[in-house]
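Trainee: Given chain A, put chain B in place with the hints provided.
Protein chains in written order, with full-length UniProt numbering: chain A, 1 to 256; chain B, 1 to 590.
Everything labelled a hint here was simulated from the structure, so no lab data went into it.
Check before you lean on any hint, since a few could be wrong.
Stated by the list, open to error - The calculated lysine-lysine pairs, modelled on DSSO-like cross-linking and capped at a C-alpha distance of 27 Å, are:
#, chain 1, residue 1, chain 2, residue 2
1, A, LYS111, A, LYS6
2, B, LYS521, B, LYS207
3, B, LYS322, B, LYS342
4, A, LYS91, A, LYS111
5, A, LYS74, A, LYS201
6, A, LYS74, B, LYS322
7, A, LYS161, A, LYS108
8, B, LYS342, A, LYS74
9, A, LYS222, A, LYS201
10, B, LYS479, B, LYS207
11, B, LYS207, A, LYS111
12, B, LYS275, B, LYS342
13, B, LYS412, B, LYS36
14, A, LYS201, A, LYS161
15, A, LYS6, A, LYS91
16, A, LYS161, A, LYS91
17, B, LYS575, A, LYS201
18, B, LYS95, B, LYS575
19, B, LYS36, A, LYS201
20, A, LYS108, A, LYS91
21, B, LYS36, A, LYS108
22, A, LYS74, B, LYS323
23, A, LYS74, B, LYS207
24, A, LYS234, A, LYS111
Stated by the list, open to error - Taking CB as the label site, the calculated pair distances span:
#, chain 1, residue 1, chain 2, residue 2, range
25, A, GLN127, B, SER547, 24 to 34 Å
26, B, ASN457, A, ALA117, 52 to 62 Å
27, A, ASP3, B, LEU476, 36 to 46 Å
Just so we're clear, the structure is a prediction, and the values are computed from it rather than from any experiment.
Even glycine gets a Cβ: it sits at the ideal position worked out from N, Cα and C.
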Amino acid sequence: MSDEFKLMVWRGDASGGAEVEYHVPAETGMVVLDALHYIEHNLAPDLAVRWNCKAAHCGSCSAEVNGEPKLLCKTRMDQYVGQTVTVRPMKTFPIIKDLVTDVSWNYKVAKEVPLLAPTAPAPFNMQQIDVDRIQEFHRCIECFLCQDTCHVLRDHAGQNKYFGPRYMIKIAEFEMHPMDGVDRVPLLAHEGGVGMCNVTKCCTEVCPQHIRITDNAIIPLKERVADRYYDPIKILLRRLGGKKDDVSEPKTHAVT
Amino acid sequence: MAQEMYETLDYDVLIIGAGGAGLRAAVEASEGTGLKVGVVTKSLLGKAHTVMAEGGAAASFGNLDAPDGWETHFYDTMRSGHFINNYRTVEIFAKEAPDRVLELESWGAVFDRTPEGRIMQRPFGAHTFRRLCHIGDHTGLELIRTMQYKAIHTNIDVFQEVTMTKMLVQNGRVVGAFGYFRADGRFVLFRARAIVLATGGWGRIYKVTSNSWESTGDGAALAFRAGADLMDMEMVQFHPTGMVWPPGVRGLLVTEGVRGEGGLLRNSEGERFMKTYDPERMELSSRDVVARSIFREVQAGRGTPHGGAWLDISHKGADYVKKKLPGMYEQFLTLADLDITKQPFEVAPTCHYTMGGLRVDAETCATNIAGLFAAGEVACGLHGANRLGGNSLSDLLVFGRRAGMGARDYAKATGQHAAIDESELRQEMDRVLEPFHRQGSVNPYHVHERLQELMTNYAGIMRSGDTLQEGLDKLLELKDEARSMSIGGSRVYNPGWHAVFDVENMLLLSEGIIRSALERKESRGAHWRTDFPDELPEWQTVNFVESFDGQTIRLRREPVNPMPDYLAQLFTYGKAPGLAKSEAGKESQV
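Extracted from the complex, chain A is given alone in its bound form (with noise of 0.2 Å):
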């Protein structure tokens, strides 16, 4: 291994910035997380990077790593010897200050997220094979990763059309939950918007807890949806025995 790594960071806040060198001596196994360390504790103590654990239970120290969406304490510096590490604030966020972006607008999407409303009181009687799937679900560490990467919300700005795929999983925990008593489809068909995603699994492949949230969530929701809303043989039976739709057209238009 080199004797030490040349990091690329980048620099500033709302009003713009650029990228700044730093050399940084190499340690066995260190991530990329390490290095920015070593740059606050000796180089730069003002270098704005959040960071809780430190080892991916938490989800904070999101960032993009040579172009790619990573979490900077699971991403090791060996894998860059001879390279250049550029290290780069989440695109599809505001930028606050150097590496740490406004995700606010995450937390507001959450509160529109109905909770469990279980038909029974606890304690539930399930069955392991039950709760299977859903437990996939609970592993997301909020590190929005796949909000980052989702181009509806990076690429299009589609926050107003889009909860994106965190809140896909989030939905599809509770849409799953053998106990649950609540109607979510009318949600994701109109205000979540679960009909933008063009089902490019970009969000699945970044996402550090290996939640397969493309096949496993928002392709089981989008058919929830079809099943409600397009099903031609149900909205002819709706349509005979005398009753309206009971819901206004879903956005459809995948953006490309």
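Mentor: Just chain B, lined up with the frame of chain A:
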């Protein structure tokens, strides 16, 4: 210079800290009460140290071991705490934990299941029965995420990334708290009728630690300066199994769940050394015993290449390990290039939990300052001299709720917000901004590193009167030097600036630890003194309580309240009450 401004925000109940205890308190204080409740956190919501808890939440459902019940949970907790716990706190805890866990289930937490469809419970160190409700090895994440969503759906305001620098007390009554928003350095005054502190522990004062950046003891230090009592400060838990290699991850937690699921400890000679120290409970002995055993093996020259012991779970098979310990599997694979389903790995003790903290009333979590409540790791009384694994998560729920109730009732009975002393705030703003103007060039990060080194060497897992005294002298020197901590840059999201206050808090609490450790002239639980290696009966009736007048820490002895008969009786069977009862039951069936 233009006069500094600050924003004023009024709340009936202010919660400082948004981990499990803070969020549970917020829900209790706000739901159906009509009170205005605010939550302040120094991180983003959902990132608090609670997220790091892995193994589970202890509650005596007896889903797998029917004889379990609150009596046995009480018995295990008192015994592991070496009887300096507040018995009433433990009693409430053991009785209420199951209800709190079920509440969590109804709010959306999804625990692993038994074949009968009930909550699965795993064995853990020094718990008589299988008792830890869990979801794989990320139970803390489950708890905080569930509480986070529950809380944001009640009518509370959350303020993220705020540094609190001062607790405001008038005439013995809390009236508010002062601090600044990290994002832009703006000052903020929270006026409050009641405040709940749920700010966690101070494990960051040690070099090798499993604690996240947050655990700098801010709430304990703020309350201590404002006149609140601290208790049992000498009691610091070292978890037996932290990662050892590579250097960057040293101290990172390896869940006790590895041993709970059948993991075996061996020394460099391949020997299961726990048979020397606790042949009955072996790997599932209490944390203080296992941590000391590993430490002793290393000292005796039987350590692993990087100074630890081997832990091995590979015999359980890859599928099982990946299902029950997915986080551990991933953690070692990513950070240490090691597959724990195939090979043993190195572990060594790491600072994990501070049993000491604010002295609180068992029923209401009230401190000695009127209107100030505390719950979770920042509070003291439940764990005694050593915390049982799994008791922390249920602690957050049981006493988070009770602190919320205490604060709610106090706030309802309290009149208007008190007028705040303007000059006190002016002084505080000057103090907080001083590091930008100081001539000195002492780097706060470097002071922190030296503090960690010092506390590890002189007041760590192994202590003696001599090392503690030497540590205290060095600490006071460092404290002196730290008065010159300075920082450049602006007030906008400046971590170096924030670090100044973290370090000040840790320096104060470190002194509290050493002074208390010097006085306890015995070994008890996590407090291990080589000059007094035995546990002595005369110390079993003593808690050390500390108070601070702004200059000096004063230490006094307070008697441990004796248990009433119906609880004392639980210790007379020669074994855990649940075991005694089930055996008696078997005999009567015959």
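Trainee: Could you work out which of the previously given hints the structure breaks and list their numbers from low to high?
Mentor: 1, 11, 17, 19, 24, 25
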